[in-house]
Structure formats: structure tokens, C-alpha cells
Amino acid sequence: MNEHSQINSRDVIVFLFAGIMVLGLLFGYIMYFLFSYRHKQKDYRLLQSQKEEIDNQKILLEKTLEELKAAQSQLILRERMASLGELTTGIAHEIQNPLNFVNNFSDVNKELVEELQMELNTGNIAEALSISNDIKENEEKINLHGKRADAIVKGMLQHSRTTAGQKEPTDINTLADEYLRLSYHGFRTKDKSFNATLLTDFDESLEEINIVPQEIGRLLLNLFNNAFYTVIEKMKLKGDAYEPTISISTRKLNNYVQIKIRDNGMGVPQKIADKIFQPFFTTKPTGQGTGLGLSLSYDIIKVHGGTIDLLTEEGVYTEFIIQLPI
Amino acid sequence: MFTDFYRSFYYGFLIIAAAISLLYFKKVDKTFRWLCLLIILTLISELTAYYISQHHTKPNNIVYHIFTPVEYFMYAMIYKMFFDDKKWTKILSTSIAFLIGAEILNTFFFQSLEEDPTNIMIAESVLLVFLSLRLFINIRQTPVYENILNEGVFWFNSAVLFYYSFDILVWGLHHIKVYLLKDPPIIIYSINLLFSGFLYIVYAASILLNYSSLNKIARKG
Numbered sequence: 033m034n035e036h037s038q039i040n041s042r043d044v045i046v047f048l049f050a051g052i053m054v055l056g057l058l059f060g061y062i063m064y065f066l067f068s069y070r071h072k073q074k075d076y077r078l079l080q081s082q083k084e085e086i087d088n089q090k091i092l093l094e095k096t097l098e099e100l101k102a103a104q105s106q107l108i109l110r111e112r113m114a115s116l117g118e119l120t121t122g123i124a125h126e127i128q129n130p131l132n133f134v135n136n137f138s139d140v141n142k143e144l145v146e147e148l149q150m151e152l153n154t155g156n157i158a159e160a161l162s163i164s165n166d167i168k169e170n171e172e173k174i175n176l177h178g179k180r181a182d183a184i185v186k187g188m189l190q191h192s193r194t195t196a197g198q199k200e201p202t203d204i205n206t207l208a209d210e211y212l213r214l215s216y217h218g219f220r221t222k223d224k225s226f227n228a229t230l231l232t233d234f235d236e237s238l239e240e241i242n243i244v245p246q247e248i249g250r251l252l253l254n255l256f257n258n259a260f261y262t263v264i265e266k267m268k269l270k271g272d273a274y275e276p277t278i279s280i281s282t283r284k285l286n287n288y289v290q291i292k293i294r295d296n297g298m299g300v301p302q303k304i305a306d307k308i309f310q311p312f313f314t315t316k317p318t319g320q321g322t323g324l325g326l327s328l329s330y331d332i333i334k335v336h337g338g339t340i341d342l343l344t345e346e347g348v349y350t351e352f353i354i355q356l357p358i
Numbered sequence: 214m215f216t217d218f219y220r221s222f223y224y225g226f227l228i229i230a231a232a233i234s235l236l237y238f239k240k241v242d243k244t245f246r247w248l249c250l251l252i253i254l255t256l257i258s259e260l261t262a263y264y265i266s267q268h269h270t271k272p273n274n275i276v277y278h279i280f281t282p283v284e285y286f287m288y289a290m291i292y293k294m295f296f297d298d299k300k301w302t303k304i305l306s307t308s309i310a311f312l313i314g315a316e317i318l319n320t321f322f323f324q325s326l327e328e329d330p331t332n333i334m335i336a337e338s339v340l341l342v343f344l345s346l347r348l349f350i351n352i353r354q355t356p357v358y359e360n361i362l363n364e365g366v367f368w369f370n371s372a373v374l375f376y377y378s379f380d381i382l383v384w385g386l387h388h389i390k391v392y393l394l395k396d397p398p399i400i401i402y403s404i405n406l407l408f409s410g411f412l413y414i415v416y417a418a419s420i421l422l423n424y425s426s427l428n429k430i431a432r433k434g
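Residue numbers (my numbering), protein chains in the order written: chain X, 33 to 358; chain Z, 214 to 434.
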């Protein structure tokens, strides 16, 4: 019992000492915590005010970005309208052909109907039947050319549409040929004396590929317009000795379609070759180009998962090589 | 009922804390509701232990075998809400599972239902000291409180840190040894009772501070 008591009192002393030590340490820790908390609080408040400032700046930047996006949309729309304007003369020419057919055949039909009435009055049924067949054939031609005009107008509407179109199987040869002619006629309407050699080399084995036709059409139109613009500029410099030539070729390669558009115009100087796809970059005089044509073309190609490359030699030629995945 | 001063001090403060918990249960935020529940549950367990000691010949240690994991669960819920982080929810869930598993193993192999589960109490205390220190670090990293001394979380966490550090000392270093003695030094238990009384009254104060903070926020709109 005595031994127990000795252990007992020593334990109590140790316990109390250890207890005081622990309490002291904890008290010290709490004091340190309070001190460092105050210190951190100052930093935190500063950080918070900076964060608020950054948040305000962020809101301001977001607003500016919204405004920029709106301005960009407006510019893109303007670019589309500008290209539509360039397209208009070509379209007018394209519509004129079917309209001529429609007018001519309807005039012919008018005369044939009069003849038919005369033959019926005289009782010449066999001749009347023959005339009616002619009328029928003419009507079919009128219908065909009416549809052609309808397709041109629809294409024009698609071109000016602001919303993104849907991908659909498209014959790239037909599309390229159509836009080449539209662009050419557009330039010819402005300058009747302008003539260029158009070379087409379409790969007939090419099947329809999935693209947004109005977008790719817009891209081709941009490239053709640039090609015609540059050959006209060169023509002004070189005169009659120069023969402007625009060529287009299509090829089916492994998993993609390659479209090459080449002109023998002014070419692109090497120092600006890297910049031509940048928005608002243009070599045309003020008011003649928005600088968005090639930039939008680049975006269109990217959206389609393709590539667009430039080969050029200043004063000799410019060639755009487009690759679209099948 | 409680003859000596220390016991009366402890039970008196525990009853006051439980009364405050009942009164303010709906007026404090979710974290402190868990604290209210913990205090009320502690009172119930202490009364049960007292009842068993008075009316049964068997020791009342079984109450502590059950209550210790339950108590830790409550604390874990409180800390889960303070940390408000998926990683810490996982850590806390694991620690609850660990403590329950340890309690079962301890009962079977080391300290039966007729002995105090001091091993589990030590484990619980170590975990709580760790959580408390961690919460202090978290609070310091994002010092959002205007005056930390007016915040319930500070006083609650300080009380946990002080009490359970001391508890490790009581139960860990000496209780096992003292327990074996024929004439254990009662001062250790008396100090522990004093500390327990202070713990619950600080908990009650932190509940009131939380209520006051919520009121201030509500007034500010």
C-alpha cells in the first residue's frame, strides 16, 4: 500500500506537470493562431478587394467582348452582303439565260396555239396533234429553265442566310463550276471587254461529299473573286500581251478531296503571305475590300475539318489548295 | 444527487448546455445543430450511466463503449460541415468506420464491456485533436470572419483542442496506470470533471455566438 502511495504521488506530480505543459503549449498555439489570423486577414481583405476589382474588370471585359462579337457578326454579315453584291451581276447573267428561254418558248407557244386553233377550225386533226406535241415539248423546256432560275434564286438566298447551314451531300464539281461562272460573269458585267481563260479539270470519279454548300460556295466565290481581281490588275499593267487564266481542278485523294484554284495574276509577296488569312487584312484599296474574305474562308475550312494552303510566286501565280475530308 | 463539488460542476454545466441546446436548436445553423444534438446525447448517456451505477450491480462502462463511437460520429458530422469538402468527407467517413471497428476489436480482445474503453477514448481524442488543428489551418487560410473571437466555430474548436489534448493525457498517459492502483489519485478525475464542465459550457457559448452571428447577418439583410 505504501509503495502504491509513492507511485501515486509521483504520478500525480508528473500528470500535473504534463498537464500544465500541454495547456501552455495549446495556449501558445491559440495565441499564435489569433496573431497569424489577424495578419492573414489583412492580406485576405487586400486580396478580396483586388478580387472585386478583377471581377469588375472581368464584367467590363465580358461586356466589351459581347460588343466585339456583335460588331464581328455585323462585319461578317457585311462581308456576306458585299460578296452577294459581287454575285448579283453574275446571278443576273445566269438568270437571264433561262429567262430568255422561257420568254422565247412562250412566244413560240403563243404562235403554235394560234396555229393549233386554225387547224382545229379546219378539222385537220393530224396536224393539230403534231402542233400540240410541239407545244408540250416547249412547255417542258419552259419548265426546265424555270426550275433552273428557281435554283439560282434559292442559291442566292442560301448565300445571304445568316444562320449556319446543315451539311448535305453535295457535288463539289458542280458547285465549283457554278460559282466560277457566277464570279466570271459578275466581273464581265462590270467590264464587258474583260475576257479570261477558264480551265476546269474536274475529277469525274468524285462522289458527293458532306459539306455545307452555301458555306463552301461562299469560300469558292471569295477565292474566284480574288483570282479575277488580281488578273484584272495584272491586265492593267501588262496590257494585251497578257492572257488572264483561272484554273480549277478537283481530285479525290485518300480520305479527302483536293481543290486547287490557280490564277496567273499578281501573286502574293512573301512578306504578306502569312497574313492573308488574318481578319481585316487586305491589299485592296480602301472601300474595295473588307479584309474578311480569306479570314472567313479559313474559318469555313476549319469548321469542315479541312485545310487551306497558299502557293504563290510574286508576279507569276497564286494557287490555293483546299483539302476537305470525305 | 451529485455529492461532490466537481461532479456537481460538471453535471450542472452539462445540464445548462443541454438546456441552451434545446432552446436554440432551431435558431442556429446546421453545423451547430449537430453540436446541440451531441450535448443532449451526452447528457442522456451520462444520466444513463448514473442510473446504471445506482440501480445495478454491474459496472456502467457499457454506456461508454456505445457512446464513444456515437460521440465521434457527431463530431465527424460537425467537422464535415466545417470542412465542406469531398476529400474531407471521405477521410471522416473512413475515420468513423475505423473507430467503430476499433471499438469492436477492443471490446473483444482488450477492454471488455466491464472496463472503460480507454483505448477508444484515446483514439477518439487523437482524431479530434487532429481535426481541430486542421480546422484552425483551414480557418486561417480563408480568414473571412470579421472578428474571430465572436465566432462560435473558434470557441468550439479551441474547446475541442484543449479538452481532447488533455484527455489524451488523462486517459493515455496515466489513467491506464492509475486505474490499476488500489488508491487512485482522485485529483486526476476531479480536474477531468472540471475540464468537462468547461467544455460543455464553452460549447453552449459557441451555440449562443453562432445564434448571435446569424442574427447579425439577418439584420444586415
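These are computed hints drawn from the structure, not numbers from a lab. By construction, the Cβ of each residue, glycine as well, lies at the ideal position given by its N, Cα and C atoms. One should not assume that every hint holds.
Simulated pairs of lysine to aspartate or glutamate, EDC-like, Cα-Cα distance not exceeding 20 Å [as the list claims (entries may be wrong)]:
1. X:Lys83 - Z:Glu364
2. X:Lys72 - Z:Glu359
3. X:Lys284 - X:Glu346
4. X:Lys72 - Z:Glu364
5. X:Lys74 - Z:Asp297
Have a look at the derived ranges for each label pair, beta carbon to beta carbon [to be verified]:
6. X:Asn242 - Z:Lys243: 54 to 60 Å
7. Z:Glu328 - X:Phe67: 39 to 45 Å
8. X:Ser105 - Z:Asn360: 30 to 36 Å
Sample of chain X residues with no beta-carbon within 12 Å of chain Z, all distances over it, derived [as the list claims (entries may be wrong)]:
9. Tyr64
10. Ser68
11. His71
12. Gln73
13. Asp75
14. Gln80
15. Ile91
16. Lys101
17. Glu171
18. Ala183
19. Asp235
20. Ile264
21. Glu351
Against the structure, the hints come out as follows:
1. X:Lys83 - Z:Glu364: 25 Å, violated
2. X:Lys72 - Z:Glu359: Between X:Lys72 and Z:Glu359 the Cα gap is close to 12 Å, so the pair holds against 20 Å.
3. X:Lys284 - X:Glu346: 29 Å, violated
4. X:Lys72 - Z:Glu364: 17 Å, holds
5. X:Lys74 - Z:Asp297: 24 Å, violated
6. X:Asn242 - Z:Lys243: 54 to 60 Å: Since the Cβ atoms of X:Asn242 and Z:Lys243 sit about 56 Å apart, the hinted range of 54 to 60 Å holds.
7. Z:Glu328 - X:Phe67: 39 to 45 Å: 43 Å, holds
8. X:Ser105 - Z:Asn360: 30 to 36 Å: 52 Å, violated
9. Tyr64: 10 Å, violated
10. Ser68: Given a closest Cβ separation of 6 Å, the condition is violated.
11. His71: 9 Å, violated
12. Gln73: About 4 Å separates X:Gln73 from the closest Cβ of chain Z, which leaves it inside 12 Å; violated.
13. Asp75: 8 Å, violated
14. Gln80: 9 Å, violated
15. Ile91: Non-interface label on X:Ile91 holds, nearest chain Z Cβ at 23 Å vs cutoff 12 Å.
16. Lys101: 36 Å, holds
17. Glu171: 76 Å, holds
18. Ala183: Holds, since 60 Å exceeds 12 Å.
19. Asp235: 58 Å, holds
20. Ile264: Label holds. Min Cβ-Cβ 67 Å, cutoff 12 Å.
21. Glu351: Its Cβ never comes within 12 Å of chain Z, the nearest being 57 Å, so this holds.
In this structure, the hints that do not hold are numbers 1, 3, 5, 8, 9, 10, 11, 12, 13, 14, in rising order.
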